[in-house]
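Line by line, the protein sequences give chains A and B. No gaps in the numbering here: position 63 of the first sequence is 63 in this note's numbering, and each next residue is one more. No gaps in the numbering here: position 45 of the second sequence is 45 in this note's numbering, and each next residue is one more.
Check the hints yourself; a few may be wrong.
Sample of chain B residues lacking proximity to chain A, with all beta carbon distances greater than 10 Å (derived) [said to hold, decoys possible]:
{"no.": "1", "residue": "G35"}
{"no.": "2", "residue": "Q36"}
{"no.": "3", "residue": "Q50"}
{"no.": "4", "residue": "P56"}
{"no.": "5", "residue": "G61"}
{"no.": "6", "residue": "N79"}
{"no.": "7", "residue": "R83"}
{"no.": "8", "residue": "S93"}
{"no.": "9", "residue": "V107"}
{"no.": "10", "residue": "V117"}
{"no.": "11", "residue": "P137"}
{"no.": "12", "residue": "N148"}
{"no.": "13", "residue": "T152"}
Quick partial rundown of chain B residues pointing at chain A, CB under 10 Å, derived from the structure [stated by the list, open to error]:
{"no.": "14", "residue": "T6"}
{"no.": "15", "residue": "F51"}
{"no.": "16", "residue": "F145"}
For the record, the hints were derived by calculation from the structure and aren't laboratory data. Ideal Cβ positions, reconstructed from N, Cα and C, are used throughout, including at glycine.
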Amino acid sequence: MASGATLATFRPQNNEPPSSNPATLDLRNYQVCLDFDASTDESAIFSGVLSRAYDGGGLTITCWCMMTSATTGDVIMQAAIERRNTDADSDSFSAAQSSTATTVNGTSGIPFAVTIAFTDGAQMDSLAAGEAFRLKINRDADNGSDTATGDLELIAVEVKET
Amino acid sequence: MASGDTLCVFHPYDMVSGALSAGASEAAVIVYRNGQPVLAFDDDLDRRAQFSGILPRWYAGGGITITFWVISESATTGNISFRTEIERRNTDSDSDSFATGVDTVGVAVSGTSGIPVTCSQAHTSGASMDSLAAGEPFRLRVTRFPLNVQDTLIDTAQVLAIEIRET
Chain A
1 MASGATLATF
11 RPQNNEPPSS
21 NPATLDLRNY
31 QVCLDFDAST
41 DESAIFSGVL
51 SRAYDGGGLT
61 ITCWCMMTSA
71 TTGDVIMQAA
81 IERRNTDADS
91 DSFSAAQSST
101 ATTVNGTSGI
111 PFAVTIAFTD
121 GAQMDSLAAG
131 EAFRLKINRD
141 ADNGSDTATG
151 DLELIAVEVK
161 ET
Chain B
1 MASGDTLCVF
11 HPYDMVSGAL
21 SAGASEAAVI
31 VYRNGQPVLA
41 FDDDLDRRAQ
51 FSGILPRWYA
61 GGGITITFWV
71 ISESATTGNI
81 SFRTEIERRN
91 TDSDSDSFAT
101 GVDTVGVAVS
111 GTSGIPVTCS
121 QAHTSGASMD
131 SLAAGEPFRL
141 RVTRFPLNVQ
151 DTLIDTAQVL
161 AIEIRET
């Protein structure tokens, strides 16, 4: 496969909550979403296997988000990858990568995309095709450029080849 | 990728909890058949299940075909039919905006109740798919209407899996 190919997708139900400051499951019009607080950094963790179609071009994570109530302001999301070839009793995520400040939709319930890019290699914890991994997503809520008020609601995550 | 390639697969556990939407239907329920989770759509009420996903970027615009693997609880005769509806998630999530649904042609269940049969329905590219495009999030709503003329199964229909492929 090539640039732009979908490699994995995750839904809110796939979250494996961290022990501290987890994003929380919620329903909006009977649609499952993960709520991320506006002031405290909260995170969600998803596990998977990187598709063997991955061609070494790096990854782009797309977070599909909506806001509980905000219709103005920006949000910043971060993501970190852990290649699952180390002791599972200790986390070993690579350094988090950040999105740019992304403006929310003018209607709170309309989803918008926030993207985070990883270059191949250390940024991806040297994850290779066919290997097990974890992906941690958090809202950088205490960043001064994250200005949207209220919770962010995550409805889906896509991992694609950059 | 091309015609016939798998785009998404949904299992019973992928059904969104609280799958009721405003209006008519009760939710399909997860039951176990020989230890295997299945989604049960009984013949007493309209039953509904909803799933969410992202259409893979290798979708080439040829429309989609949705296929159900179905068994009957005990019946060995009768036809089963489902209605499928697609919602492109680019509108206000506080209101449903599914495209007009499409009903599968009734398919006869197996002469052995536990053996799966498949029933499929195509959604052409465009309005029938709510203009959903590759890489976009969507919801799939599945409803059994026991009073539909295509549905003559007098029994609970149990769905093992759902596949979405490029037509």
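Now for the hints, and whether the structure bears them out:
{"no.": "1", "hint": "G35", "result": "21 Å, holds"}
{"no.": "2", "hint": "Q36", "result": "19 Å, holds"}
{"no.": "3", "hint": "Q50", "result": "7 Å, violated"}
{"no.": "4", "hint": "P56", "result": "4 Å, violated"}
{"no.": "5", "hint": "G61", "result": "14 Å, holds"}
{"no.": "6", "hint": "N79", "result": "30 Å, holds"}
{"no.": "7", "hint": "R83", "result": "18 Å, holds"}
{"no.": "8", "hint": "S93", "result": "4 Å, violated"}
{"no.": "9", "hint": "V107", "result": "29 Å, holds"}
{"no.": "10", "hint": "V117", "result": "28 Å, holds"}
{"no.": "11", "hint": "P137", "result": "5 Å, violated"}
{"no.": "12", "hint": "N148", "result": "23 Å, holds"}
{"no.": "13", "hint": "T152", "result": "30 Å, holds"}
{"no.": "14", "hint": "T6", "result": "12 Å, violated"}
{"no.": "15", "hint": "F51", "result": "9 Å, holds"}
{"no.": "16", "hint": "F145", "result": "20 Å, violated"}
Consistency with the previously given hints fails for numbers 3, 4, 8, 11, 14 and 16, ordered from lowest to highest.
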